[in-house]
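Based on the sequences and whatever the hints tell you, model everything.
Chains L, P and C supply the protein sequences, listed in that same order. Those letters in the first sequence? Residues 1 to 327, per our numbering, in order. Those letters in the second sequence? Residues 1 to 327, per our numbering, in order. Those letters in the third sequence? Residues 1 to 327, per our numbering, in order.
FYI, nobody ran anything at the bench for these hints, they're computed from the structure. Predicted model only: the values in this text are computed from it and were never measured. Mixed in with the good hints, there may be bad ones.
The list cannot tell twin chains apart, which means a pair is met if one copy fits it or any two copies do.
What the hints assert, rightly or not - Computed cross-link-like contacts, DSS-like style, restricted to lysine-lysine with a CA-CA straight-line distance of at most 30 angstroms:
#1 Lys37 with Lys25
#2 Lys19 with Lys37
#3 Lys267 with Lys235
Below, each chain spelled out in residue letters.
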Amino acid sequence: MRQFISAADVSDINALADKALAFKKDPWKSEALGHHKRIGCLFLNPSMRTRLSTQVAARQLGMECIIFNITSEGWALEFEDEAIMSGNTVEHVRDAAPVLARYFDILAIRTFPGLKNREEDYSELYINQFIRFAGIPVLSLESSTLHPLQSLTDIITIRECIHENPELVRRRPRIVLTWAPHVKPLPQCVANSFAQWVNAWGAADFVITHPEDYELDEQFTRGATIIHDQDEALKDADFVYVKNWSTFRDYGKIYCNDPGWMLTGEKLAHTRQAKVMHCLPVRRNVELSDEILDGSNSIITQQASNRVWAAQAVLSEMLEAMTITKR
Amino acid sequence: MRQFISAADVSDINALADKALAFKKDPWKSEALGHHKRIGCLFLNPSMRTRLSTQVAARQLGMECIIFNITSEGWALEFEDEAIMSGNTVEHVRDAAPVLARYFDILAIRTFPGLKNREEDYSELYINQFIRFAGIPVLSLESSTLHPLQSLTDIITIRECIHENPELVRRRPRIVLTWAPHVKPLPQCVANSFAQWVNAWGAADFVITHPEDYELDEQFTRGATIIHDQDEALKDADFVYVKNWSTFRDYGKIYCNDPGWMLTGEKLAHTRQAKVMHCLPVRRNVELSDEILDGSNSIITQQASNRVWAAQAVLSEMLEAMTITKR
Amino acid sequence: MRQFISAADVSDINALADKALAFKKDPWKSEALGHHKRIGCLFLNPSMRTRLSTQVAARQLGMECIIFNITSEGWALEFEDEAIMSGNTVEHVRDAAPVLARYFDILAIRTFPGLKNREEDYSELYINQFIRFAGIPVLSLESSTLHPLQSLTDIITIRECIHENPELVRRRPRIVLTWAPHVKPLPQCVANSFAQWVNAWGAADFVITHPEDYELDEQFTRGATIIHDQDEALKDADFVYVKNWSTFRDYGKIYCNDPGWMLTGEKLAHTRQAKVMHCLPVRRNVELSDEILDGSNSIITQQASNRVWAAQAVLSEMLEAMTITKR
Numbered sequence: 001m002r003q004f005i006s007a008a009d010v011s012d013i014n015a016l017a018d019k020a021l022a023f024k025k026d027p028w029k030s031e032a033l034g035h036h037k038r039i040g041c042l043f044l045n046p047s048m049r050t051r052l053s054t055q056v057a058a059r060q061l062g063m064e065c066i067i068f069n070i071t072s073e074g075w076a077l078e079f080e081d082e083a084i085m086s087g088n089t090v091e092h093v094r095d096a097a098p099v100l101a102r103y104f105d106i107l108a109i110r111t112f113p114g115l116k117n118r119e120e121d122y123s124e125l126y127i128n129q130f131i132r133f134a135g136i137p138v139l140s141l142e143s144s145t146l147h148p149l150q151s152l153t154d155i156i157t158i159r160e161c162i163h164e165n166p167e168l169v170r171r172r173p174r175i176v177l178t179w180a181p182h183v184k185p186l187p188q189c190v191a192n193s194f195a196q197w198v199n200a201w202g203a204a205d206f207v208i209t210h211p212e213d214y215e216l217d218e219q220f221t222r223g224a225t226i227i228h229d230q231d232e233a234l235k236d237a238d239f240v241y242v243k244n245w246s247t248f249r250d251y252g253k254i255y256c257n258d259p260g261w262m263l264t265g266e267k268l269a270h271t272r273q274a275k276v277m278h279c280l281p282v283r284r285n286v287e288l289s290d291e292i293l294d295g296s297n298s299i300i301t302q303q304a305s306n307r308v309w310a311a312q313a314v315l316s317e318m319l320e321a322m323t324i325t326k327r
Numbered sequence: 001m002r003q004f005i006s007a008a009d010v011s012d013i014n015a016l017a018d019k020a021l022a023f024k025k026d027p028w029k030s031e032a033l034g035h036h037k038r039i040g041c042l043f044l045n046p047s048m049r050t051r052l053s054t055q056v057a058a059r060q061l062g063m064e065c066i067i068f069n070i071t072s073e074g075w076a077l078e079f080e081d082e083a084i085m086s087g088n089t090v091e092h093v094r095d096a097a098p099v100l101a102r103y104f105d106i107l108a109i110r111t112f113p114g115l116k117n118r119e120e121d122y123s124e125l126y127i128n129q130f131i132r133f134a135g136i137p138v139l140s141l142e143s144s145t146l147h148p149l150q151s152l153t154d155i156i157t158i159r160e161c162i163h164e165n166p167e168l169v170r171r172r173p174r175i176v177l178t179w180a181p182h183v184k185p186l187p188q189c190v191a192n193s194f195a196q197w198v199n200a201w202g203a204a205d206f207v208i209t210h211p212e213d214y215e216l217d218e219q220f221t222r223g224a225t226i227i228h229d230q231d232e233a234l235k236d237a238d239f240v241y242v243k244n245w246s247t248f249r250d251y252g253k254i255y256c257n258d259p260g261w262m263l264t265g266e267k268l269a270h271t272r273q274a275k276v277m278h279c280l281p282v283r284r285n286v287e288l289s290d291e292i293l294d295g296s297n298s299i300i301t302q303q304a305s306n307r308v309w310a311a312q313a314v315l316s317e318m319l320e321a322m323t324i325t326k327r
Numbered sequence: 001m002r003q004f005i006s007a008a009d010v011s012d013i014n015a016l017a018d019k020a021l022a023f024k025k026d027p028w029k030s031e032a033l034g035h036h037k038r039i040g041c042l043f044l045n046p047s048m049r050t051r052l053s054t055q056v057a058a059r060q061l062g063m064e065c066i067i068f069n070i071t072s073e074g075w076a077l078e079f080e081d082e083a084i085m086s087g088n089t090v091e092h093v094r095d096a097a098p099v100l101a102r103y104f105d106i107l108a109i110r111t112f113p114g115l116k117n118r119e120e121d122y123s124e125l126y127i128n129q130f131i132r133f134a135g136i137p138v139l140s141l142e143s144s145t146l147h148p149l150q151s152l153t154d155i156i157t158i159r160e161c162i163h164e165n166p167e168l169v170r171r172r173p174r175i176v177l178t179w180a181p182h183v184k185p186l187p188q189c190v191a192n193s194f195a196q197w198v199n200a201w202g203a204a205d206f207v208i209t210h211p212e213d214y215e216l217d218e219q220f221t222r223g224a225t226i227i228h229d230q231d232e233a234l235k236d237a238d239f240v241y242v243k244n245w246s247t248f249r250d251y252g253k254i255y256c257n258d259p260g261w262m263l264t265g266e267k268l269a270h271t272r273q274a275k276v277m278h279c280l281p282v283r284r285n286v287e288l289s290d291e292i293l294d295g296s297n298s299i300i301t302q303q304a305s306n307r308v309w310a311a312q313a314v315l316s317e318m319l320e321a322m323t324i325t326k327r
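Laid out in structure tokens, this is it:
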């Protein structure tokens, strides 16, 4: 694996998920694989779970992991070609990326969208410029439009639940991604990415529900059933993924913010005792009620803890590809 | 040891201090103990010595140590139960702590008091919520009202000095904790904690001196002699611990800030050539004069360097308890 | 080697450069040297390449490397003797440095000049106070007036190019340090330091060119030819080092900021196909044009990646000196 930016970088999602679950059983089994290898993790935006789980995964593979918080440590990068850098940016990605590529074997990058200019965000300029100028494997720790480590984690977690439930092994599970209210305009990354991965995985009936005006980009949702009536969508769900996102068409806005969209115990009653998922951080009693988060249907802690195994599976694929290349 | 939050978590202070001093003699002797174990250190507030000494101690036990500066890396945690999170906090400790507990074997937390609401600070809500929801061993790196790693260090350092002074082995040493002026209202943590530990240790005559209105919480000071005349208190002291704190009763204020309370060479003359202690950082020529800090009575560098061995003793107890549990 | 602050700390620059290039061939060859040794890196100012390359170098020597961003992690140090610390500084270097010296085997420090008071900056108070009070080997990660790890890197890179070019082995190369425009007043460190090292190395014809009023401190430039006509200076150059600096005499100002001083392809034509160097970060199309940075004459990525080997050579010298001392 040369890069991990989107579901398109994975040829066999089930095989990658199996690899992750094998690490969950035996975290240190490939500790020799990353010996004398280094990953540099560049954070252009804050991160807790993604940062910590990647660090843990790297160490369990025997790699050195170096964290660099670009903004809080005082750097402003330029990404536009031919920029005349007389403003606030102090270094161009064209100059920074090739140097970082000499210091590290794998480069991991987190960069949020500005939510101002849709075209710019959806071009994924930042991470693409890193890929272009680094020339070493690049791992997304969440980019402007996608969050693939989260989505791989989500698939792993869903598969774990399916394996524990004989009924779900026999029939296709129904997975519902539901929009939830929030107090700030959030990126579409997690929702886009979840849609992309569930569609690529192809082993479930997939429904997306949201208020009108919150359509996601069709390039990711195509294949899913879109329903605007949340109650109808939740009916017979086996998994409910709760997530807020801002508008895609009239970009980065909050339109309707109807608190009635918050998932509650009453709504969960329409489902088939659905497992409830969320990528965290979650705004309690805004996106999801306490009763759900603290109840037995929530698999959110399990999901978040699976972040380690997703990262470890992806890093191990990258390391194995390096070894093969070198032979 | 399941948690290290207060002196009450330690059954035998002398034994723990001996353990620390054994590490001082041979820092790497238990390097195998922490193999494949990880400590996560969460800083809700800044730290230098505590952070660095814990990191050093963990590494010397063969552990991986991961630092996360919660605020500067962009996170605001919610600690109140049933909060409707439509404000500034982005994640509830109920959701964060169980996930961190999956990433780490030990969780270490630093959190300062707000100094606005005494009841809230003295409830130790933050660290208690972490303990409640993490379910793994929790280590205090200083909390709202106590600083146990500092106090264990203080006892270790006092015992070292006693062992070097035959006279002090024969009679009970006199330890004086003296209030000192400062420019800002500071927490009572170090003073509370020192009082709690010296009382629990029980091997010294313990005096606390401060201007009226600076009474500390009796739950910690009970057993000590309180004297408001500093000169009288310092008389015949073997150890003088210098520390500022803000008021406890009319909470978090600066009342009297009389520069006459600064410890000077002249005052030290009343003591039995007392060793002078301070937890650092110290405001020179405000809390303590240059002549004392740079003089031969100061054991402050020795004291601060002992932070490593205190942390290593506590971590080793936690690691040993894990191994026993697993058997 | 007890300290690495300036070219004066190095007895044989060529030998040190050879050591660095040996590490470039075999990065892990001395991994045992730093076993159970620790370096603490204190950043009073931001850093990317210096921080990362030092971290990489330390790890390749088997050392533990601990990073501490003093300002962003909430500390303000006092450096003035006899200060009455009732202001903003929270800790004196007299108290902090000896403690850090107990936690680490080597202390590395980065501290920028204030550019307000020349005498103060050129006294190198900050790093000298660390050296004075730490008592362990101190490594400069850039100080108020010098950047020795950068300059050692520069010499290494120049020597690599010479070895690849038989003509340059036979005759003395011509090295030109040229001032370049910038948008902010920058320190003189890199320019001072490069001048100091090239002069100490002594194996080249060395020219410095800058607009009038941008004279550097003679203590560093003495031995170089100073030319105010950039075209004349560039003539027949084998290496062109591009760098901005603020004024030295009327200290810390921007006088002339003539964009005509930006190095372009047209100007490069006057040289002998000179290799172009810059320490990074570089303001594209302000200091250097895209055509140069992206062209075949630029050795800037090679130069920046050599930072690792320079740091590794210096750290290995310090570690070897410790081993000898201990015997």
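Comparing the hints with the structure gives:
Taking CA atoms no more than 30 angstroms apart as the test, lysine 37 paired with lysine 25 passes in both settings, with 23 angstroms inside one copy and 16 angstroms between copies. With identical chains, the CA atoms of lysine 19 and lysine 37 are at most 30 angstroms apart both within one copy (20 angstroms) and between copies (22 angstroms). In the homo-oligomer, the alpha carbons of lysine 267 and lysine 235 lie at most 30 angstroms apart inside one protomer (9 angstroms), although the nearest pairing across protomers, at 72 angstroms, exceeds that limit.
Going down the numbered hints, you'll see the structure goes against none, and every one checks out.
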